[in-house]
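Q: The residues making up each chain are set out below.
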Amino acid sequence: MSYLRIDHVDKIFASGARTTKVLEAVDLAVEKGQFVTIIGHSGCGKSTLLNIVAGLVSASAGGVVLENRQVDTPGPDRAVVFQNHSLLPWLSVYDNVRLGVDKVFAGKKSRAERHDWTMRNLELVQMTHAKDKRPSEISGGMKQRVGIARALAMEPKVLLLDEPFGALDALTRAHLQDRVMELHRTLGNTVMMITHDVDEAVLLSDRIVMMTNGPRATIGETLDVALPRPRDRVALSADPLYLECRRRVLQFLYERHHYVEAA
Amino acid sequence: MQRVAIGFGLASVAGVLLGVIVGQSRWAMRGLDPLFQILRTVPPLAWLPISLAAFRDSYPSAIFVIFITSIWPIIINTAVGVRNIPQDYRNVAAVLRLNQFEFFWKIMIPSAAPYIFTGLRIGVGLSWLAIVAAEMLTGGVGIGFFIWDAWNSSRLSDIFVALAYIGVTGFVLDRIVAAIGSIATRGAQAS
Numbered sequence: 008m009s010y011l012r013i014d015h016v017d018k019i020f021a022s023g024a025r026t027t028k029v030l031e032a033v034d035l036a037v038e039k040g041q042f043v044t045i046i047g048h049s050g051c052g053k054s055t056l057l058n059i060v061a062g063l064v065s066a067s068a069g070g071v072v073l074e075n076r077q078v079d080t081p082g083p084d085r086a087v088v089f090q091n092h093s094l095l096p097w098l099s100v101y102d103n104v105r106l107g108v109d110k111v112f113a114g115k116k117s118r119a120e121r122h123d124w125t126m127r128n129l130e131l132v133q134m135t136h137a138k139d140k141r142p143s144e145i146s147g148g149m150k151q152r153v154g155i156a157r158a159l160a161m162e163p164k165v166l167l168l169d170e171p172f173g174a175l176d177a178l179t180r181a182h183l184q185d186r187v188m189e190l191h192r193t194l195g196n197t198v199m200m201i202t203h204d205v206d207e208a209v210l211l212s213d214r215i216v217m218m219t220n221g222p223r224a225t226i227g228e229t230l231d232v233a234l235p236r237p238r239d240r241v242a243l244s245a246d247p248l249y250l251e252c253r254r255r256v257l258q259f260l261y262e263r264h265h266y267v268e269a270a
Numbered sequence: 434m435q436r437v438a439i440g441f442g443l444a445s446v447a448g449v450l451l452g453v454i455v456g457q458s459r460w461a462m463r464g465l466d467p468l469f470q471i472l473r474t475v476p477p478l479a480w481l482p483i484s485l486a487a488f489r490d491s492y493p494s495a496i497f498v499i500f501i502t503s504i505w506p507i508i509i510n511t512a513v514g515v516r517n518i519p520q521d522y523r524n525v526a527a528v529l530r531l532n533q534f535e536f537f538w539k540i541m542i543p544s545a546a547p548y549i550f551t552g553l554r555i556g557v558g559l560s561w562l563a564i565v566a567a568e569m570l571t572g573g574v575g576i577g578f579f580i581w582d583a584w585n586s587s588r589l590s591d592i593f594v595a596l597a598y599i600g601v602t603g604f605v606l607d608r609i610v611a612a613i614g615s616i617a618t619r620g621a622q623a624s
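Protein chains in written order, with my numbering: chain F, 8 to 270; chain V, 434 to 624.
These aren't lab readings, by the way, just hints derived from the structure by calculation. We put the CB at the ideal spot given by N, CA and C, even for glycine. Treat each hint with caution, since some may be false.
To be clear about the criterion: a stretch of chain F counts as covered by chain V if any three or more of its residues have a C-beta under 8 Å from a C-beta of chain V, and this derived list gives those stretches [what the hints assert, rightly or not]: (1) 84 to 92; (2) 105 to 114.
One-sided and incomplete, this derived list gives chain V residues near chain F with beta-carbon spacing under 10 Å [unchecked claim]: (3) Pro519; (4) Asp521; (5) Tyr522; (6) Asn524; (7) Leu531; (8) Glu535; (9) Lys539; (10) Pro543.
Restraint ranges, calculated between C-beta atoms of paired labels, are given here [to be verified]: (11) Ala617(V) <-> Glu144(F): 16 to 26 Å; (12) Glu189(F) <-> Ala617(V): 32 to 42 Å; (13) Asn517(V) <-> Gln133(F): 29 to 39 Å; (14) Asn517(V) <-> Glu144(F): 19 to 29 Å; (15) Arg459(V) <-> Ala242(F): 54 to 64 Å; (16) Arg463(V) <-> Ala36(F): 43 to 53 Å; (17) Leu257(F) <-> Asn517(V): 39 to 49 Å; (18) Gly603(V) <-> Gln77(F): 51 to 61 Å; (19) Gln77(F) <-> Gln520(V): 22 to 32 Å; (20) Trp538(V) <-> Glu74(F): 27 to 37 Å; (21) Gly603(V) <-> Thr27(F): 53 to 63 Å; (22) Ala447(V) <-> Val72(F): 38 to 48 Å; (23) Ser117(F) <-> Pro476(V): 54 to 64 Å; (24) Glu144(F) <-> Arg459(V): 33 to 43 Å.
Let the hints inform the model, and build the full structure from the sequences given.
A: So this is what it looks like as C-alpha cells:
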C-alpha cells in the first residue's frame, strides 16, 4: 500500500442546473519521501486536485488515503503552501509561523520548545533576520519562504505546494527552487507540487504527473525522473536524460494536449 | 456622557456579535437584513416613548435609545467585514484546524477590524446625536436639557455655547474611536 493514494477521484462542479465534470477518475499513488509534480495547462483542474488532497474541496466520488486512513477534511498533516503566500498581514513573520506551531504542538511541546521549533523552521528558510517584520514589509520571495516555513513547522506527512513560485521573478524562483530541493533532501518530506513550468517540474521531481485538458481532465501520463540527487541546474542543462525528460513533457503538453482556448 | 459610554459599549459588543452571525451565515443574512434595514430607519426619538414605557425611568431609557441608534451601523459594517474575509485566510484556518473560537479571535476580528471600526465611528456619532435629542425630551439633566432650558428662559447666547460644545465633543468622540481603530487595525490591511 502506498503512502498517499488518490483513488478514483471525480469532481463535479454544479452551478444551478449546469454541471461541469472537472476531474474524472484521477488515480495516483505517491511513495513516502517522493517529490511529485503535477503539470498541466491552466484550467485542467490541477489546483482542484491539490485542494481535494488538502481537504479544502471535497471529491464528488472517490477519495484520498494517507497512511491507510481516508482524509476528507483539512488538517496540518497536509500543510499547504499557497500560491499567494496567504500570510496573515496583522501578524509578524514569527507569529505567522508560531500560530501553526502553537496549534499543532499544543500540549506536546512546552512554550520554550515551541519557540525553538518556530525559530528552527525560520532558520531553514533563512528568515530569522526578519522575524519581527510584518508580511507587508518583506519581498514576495521572502513571503513565500515564510509560507514554506509555516507549512514545514507543522511537520506535515505531505507537503502540498500550489504553484508556490508562480508569482515570483525568474531569479528569485530559481533560488527558491534550490532551497526547496535542499529542504527535500535534508528533511525527506513527501511533496506534491503543482506547476505549469516544465523546467521546474523536471528539475525538482522524482515523478511528473501530466494532466489532460479539462473538462473531464485526468492523468494522461506519468514520467519518472531518474536523475541523481543532488541536482545542479547548470550541470543538468546539458544532461541528455534531463533533456529527454523535458522533451517528453513538452511533447505531451504541446503536441498531444495543446492548450485549447476557452476549454 | 456616562450614558453614552454604557449605551455605546453595549451596542459595540452586541453589534459586533450580531454582525459576525449575520456575516457568517447566508441564511441569517437573508432573514435578518430586511429587518435591520427597517429598524435602522426608525428615528432615535421614536424609540424613546417605548423605552420610557418599558423602563419607567429616564436613565435606562436614554441608554436604550443610544444602544438602539448606534447598533445598526455596527452590525451592518461588521457583517460586511466578515463576509469580506479573504478565502485565503479561511483556507489557512482550515489547514490549521482552528476551532470557532480561535477563528473568531485570530482571523475574523483582525481581518474585519477596519470595517468594524468604520461602523463604530458612525455609531458613536449617532449615539451622541441621540442622547442630546433624548435629553431635550426627558429633561432634568444633560446638555440637551440645558439647551431647552436656555430656550425657555431666552438665553440665546447659552444655546450657541452649548451647540459649539456638542459639536466639539462629537468631534472628540469620533477621533477617540478612530485613534483606537488605527491602533487596533495596524497592519490589518493586506499587502
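Q: It remains to establish, for every hint, whether it holds in the given structure.
A: Quick rundown of the hints versus the structure:
Counting residues of the region 84 to 92 of chain F whose CB lies closer than 8 Å to any CB of chain V gives 5, so the stated coverage by that chain holds, three being the minimum. Note: the region 105 to 114 of chain F has 4 residues with beta-carbon separation from chain V under 8 Å; the three-residue rule is met and the coverage holds. The beta carbon of Pro519(V) comes within 8 Å of a beta carbon in chain F, closer than 10 Å, and the hint placing it at the interface holds. Annotation: Asp521(V) was flagged as interfacial toward chain F, and the flag holds, the nearest CB pair being 4 Å apart, inside 10 Å.
The restraint placing Tyr522(V) at the interface with chain F holds, with a minimum CB-CB distance near 7 Å, inside the 10 Å limit. A cut of 10 Å between beta carbons decides the hint on Asn524(V): the least distance to chain F is about 6 Å, and the hint holds. Because the smallest distance between the Cβ of Leu531(V) and any Cβ of chain F comes to about 7 Å, under 10 Å, the interface hint for this residue holds. The interface hint given for Glu535(V) holds, since its Cβ lies 8 Å from the closest Cβ of chain F, which is under the 10 Å cut-off.
Restraint check, Lys539(V) versus chain F: the minimum CB separation of about 7 Å is within 10 Å; hint holds. With its C-beta approaching chain F no nearer than about 4 Å, Pro543(V) sits inside the 10 Å limit, and its interface hint holds. Remark: the range hint 16 to 26 Å for Ala617(V) to Glu144(F) is upheld by a beta-carbon distance near 19 Å. Between Glu189(F) and Ala617(V) the beta carbon distance is about 40 Å. The supplied range of 32 to 42 Å therefore holds.
A C-beta distance of roughly 34 Å is found between Asn517(V) and Gln133(F), which places it inside the suggested range of 29 to 39 Å. Taken as a hint, the range 19 to 29 Å holds for the pair Asn517(V) and Glu144(F), whose Cβ atoms sit roughly 23 Å apart. Separated by about 56 Å at the C-beta atoms, Arg459(V) and Ala242(F) satisfy the suggested range of 54 to 64 Å. Checking the proposed 43 to 53 Å range against Arg463(V) and Ala36(F) shows it holds: the Cβ atoms sit about 45 Å from each other.
In this structure, Leu257(F) and Asn517(V) meet the distance hint of 39 to 49 Å, their C-beta atoms being roughly 42 Å apart. Distance hint check: the CB atoms of Gly603(V) and Gln77(F) are about 60 Å apart, consistent with the given range 51 to 61 Å. Distance hint check for Gln77(F) and Gln520(V): the Cβ-Cβ separation is about 25 Å, which falls inside the suggested range of 22 to 32 Å. Take Trp538(V) and Glu74(F): their Cβ atoms lie about 32 Å apart, and the range 27 to 37 Å holds.
For Gly603(V) and Thr27(F), the hinted distance range of 53 to 63 Å is satisfied, since their beta carbons lie about 55 Å from each other. At roughly 47 Å, the beta carbons of Ala447(V) and Val72(F) sit within the given window of 38 to 48 Å. Restraint check, Ser117(F) to Pro476(V): a C-beta distance of roughly 58 Å satisfies the suggested window 54 to 64 Å. A beta carbon spacing of about 36 Å between Glu144(F) and Arg459(V) agrees with the range 33 to 43 Å that was offered as a hint.
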